[in-house]
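*Asks:* Going down the list, the sequences are from chains F and L.
Take the first sequence: its position 34, counted from the start at 1, is 34 in my numbering, and no numbers get skipped.
Take the second sequence: its position 14, counted from the start at 1, is 125 in my numbering, and no numbers get skipped.
These aren't lab readings, by the way, just hints derived from the structure by calculation.
Just to be clear, a hint being listed does not mean it is correct.
Lysine to any residue pairs mimicking SDA-like chemistry, simulated, CA-CA at most 20 Å apart [said to hold, decoys possible]: (1) K59/F with V47/F; (2) K155/L with E38/F; (3) K70/F with Q80/F; (4) K138/L with V44/F; (5) K70/F with E210/L.
These figures come from a predicted structure and were not determined experimentally.
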Amino acid sequence: TQLLEQSPQFLSIQEGENLTVYCNSSSVFSSLQWYRQEPGEGPVLLVTVVTGGEVKKLKRLTFQFGDARKDSSLHITAAQPGDTGLYLCAGAWPGGFKTIFGAGTRLFVKA
Amino acid sequence: NAGVMQNPRHLVRRRGQEARLRCSPMKGHSHVYWYRQLPEEGLKFMVYLQKENIIDESGMPKERFSAEFPKEGPSILRIQQVVRGDSAAYFCASYRARETEAFFGQGTRLTVV
Numbered sequence: 001t002q003l004l005e006q007s008p009q010f011l012s013i014q015e016g017e018n019l020t021v022y023c024n025s026s027s028v029f030s031s032l033q034w035y036r037q038e039p040g041e042g043p044v045l046l047v048t049v050v051t052g053g054e055v056k057k058l059k060r061l062t063f064q065f066g067d068a069r070k071d072s073s074l075h076i077t078a079a080q081p082g083d084t085g086l087y088l089c090a091g092a093w094p095g096g097f098k099t100i101f102g103a104g105t106r107l108f109v110k111a
Numbered sequence: 112n113a114g115v116m117q118n119p120r121h122l123v124r125r126r127g128q129e130a131r132l133r134c135s136p137m138k139g140h141s142h143v144y145w146y147r148q149l150p151e152e153g154l155k156f157m158v159y160l161q162k163e164n165i166i167d168e169s170g171m172p173k174e175r176f177s178a179e180f181p182k183e184g185p186s187i188l189r190i191q192q193v194v195r196g197d198s199a200a201y202f203c204a205s206y207r208a209r210e211t212e213a214f215f216g217q218g219t220r221l222t223v224v
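Produce the entire structure from the sequences given, and follow the hints as far as they go.
*Replies:* Here is the structure:
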């Protein structure tokens with residue numbers, strides 16, 4: 001059972017376009033992380049969101065945690081080829097340490 | 112994330128052999144997770160360990176797979192009598208106690224021939 005649903009699964013866009021990817025669940029998480037993974041490498045942490053409704057910005061990336069702490073979105077403005085990779089969201093269960101990962105959104109930005 | 116060290120980076124085993132994958136967590140991290148990733152897929156949870164304890168192994172097959180995190184030394188994921196279906200990338204992530212941010216190693220790519 002996939003408890004964290006990520007959409008879309010795959011996204012191919014032109015350089016300069018904007019995009020949003022989503023991470024949805026029916027469960028409440030104490031925190032949610034976004035990671036980016038490049039081919040042949042391990043995932044690298046981008047951001048952690050903790051508070052419902054929280055918005056965090058990382059240069060051209062904007063992360064939002066849903067008010068109910070069940071979902072999150074990642075918006076990229078003016079995508080660049082260097083943004084290409086697999087974007088994974090991960091949720092931590094309240095009161096515990098177990099973290100589950102979504103299946104990821106594979107982004108390809110064409111020059 | 113050079114702090115989490117996994118070795119080997121690549122491992123080739125014949126069917127029926129044993130595979131041992133090692134993970135040295137970041138300094139000060141006492142929690143280790145192992146994940147498996149098939150090509151073009153996300154990460155699948157296998158096992159969660161703290162020093163000398165298995166906390167959650169619900170994602171690990173009951174046969175042939177075992178994991179440990181001894182008091183001294185790296186965490187080991189051991190796969191006995193490997194089969195072709197075990198071919199995958201295996202990632203280790205370490206955490207500091209009571210935190211939820213994972214720091215990943217570069218993974219071990221296991222190929223069973």
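*Asks:* The structure should be examined with respect to each hint, and the outcome stated for every one.
*Replies:* Right, here's what the structure says about each hint:
1. In summary, the hint linking K59/F to V47/F is supported, as the alpha carbons are separated by about 12 Å, within the 20 Å threshold.
2. Pair hint K155/L plus E38/F holds up; C-alpha atoms about 17 Å apart against a cutoff of 20 Å.
3. Restraint check for K70/F and Q80/F: the C-alpha separation of about 29 Å exceeds 20 Å, so the hint is violated.
4. Restraint check: the Cα-Cα separation between K138/L and V44/F comes to about 17 Å, which is no more than 20 Å; the hinted pair holds.
5. This hinted pair checks out: K70/F and E210/L have alpha carbons roughly 19 Å apart, not beyond 20 Å.
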